[in-house]
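Undergrad: Sequence:
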Amino acid sequence: MKPGPRRGRRTAGKKHRQSTLGANEANRSGEAPSTRFEPHGLIPDPSKPLPAVFAKSATNYPLLYRKRLARADGRARAGDLVAVYDGDEQLQGYGIYNPRSEVVVRMLRHTDQLPDESFWDGLLTRAVELRREMLRLDEVTNAYRVLHAEGDQLSGLVVDRFGDVLSAEAFSLGMYLRAQPILERLQAKLQTRHWLIQPSPQFLSQEGADPPIVVSPDLPDRVAIEEFGTRFWVKFAGGHKTGFFCDQR
Numbered sequence: 092m093k094p095g096p097r098r099g100r101r102t103a104g105k106k107h108r109q110s111t112l113g114a115n116e117a118n119r120s121g122e123a124p125s126t127r128f129e130p131h132g133l134i135p136d137p138s139k140p141l142p143a144v145f146a147k148s149a150t151n152y153p154l155l156y157r158k159r160l161a162r163a164d165g166r167a168r169a170g171d172l173v174a175v176y177d178g179d180e181q182l183q184g185y186g187i188y189n190p191r192s193e194v195v196v197r198m199l200r201h202t203d204q205l206p207d208e209s210f211w212d213g214l215l216t217r218a219v220e221l222r223r224e225m226l227r228l229d230e231v232t233n234a235y236r237v238l239h240a241e242g243d244q245l246s247g248l249v250v251d252r253f254g255d256v257l258s259a260e261a262f263s264l265g266m267y268l269r270a271q272p273i274l275e276r277l278q279a280k281l282q283t284r285h286w287l288i289q290p291s292p293q294f295l296s297q298e299g300a301d302p303p304i305v306v307s308p309d310l311p312d313r314v315a316i317e318e319f320g321t322r323f324w325v326k327f328a329g330g331h332k333t334g335f336f337c338d339q340r
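In case it helps, my numbering puts the sequence shown at residues 92 to 340.
Check the hints yourself; a few may be wrong.
Computed list of lysine-lysine pairs in DSSO-like fashion (alpha-carbon distance at most 30 Å, straight line) [to be verified]:
1. K158 <-> K147
2. K139 <-> K158
3. K280 <-> K326
These aren't lab readings, by the way, just hints derived from the structure by calculation.
Given these sequences and hints, build the entire structure.
TA: See below:
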């Protein structure tokens, strides 16, 4: 049976772009170089009002689907951080917006507080401490899932650790645009050296964009990982679609 589109460390068929997301390059269709995939900062400017979207009713669910959206501020663009209000125009929280997706908003937090420095540091610190202090994964392996989408309050993004490499897969345009600063913060907490960002196989059909795979400078072709004393080589090109099952560690 022929395997489906590869997931995880998927690199074949789409050229890597090294260093940062901000590097310009022509896209597949031959258009002029574009910066539309420029990385977004994590911390909003509190002096600038955010675009607003309005749900039909209040919800604590992390995903706001198109059918539940009443209207959106004309200023809101794909990938933007937006303020989310309910049908009574009461602030529900903040999320990442994409009008091209069936998931119009992926919520970051359900409070009236902006996702500021303390929010991001706390969120990433809790994720790392869960793996290191509660699950104690570092004692038996150096390959495991560091961030698991909604489970770690980051809908649309998963990050796996393979030794010195953090491999991110984005299922959301907004998270793709924020993956690099997230990985840089995780690097400081995990003492890793390299990173890789890739869109999910269905990214174009689900998110309406076709961003490139991006890697940090000097990303190795393969790294050695270890689990319970057994060593494995992990290749970042041509690997099996399901990879090392880091989500099951």
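Undergrad: Please list, smallest to largest, the hint numbers that this structure does not respect.
TA: Per hint list: zero violations.
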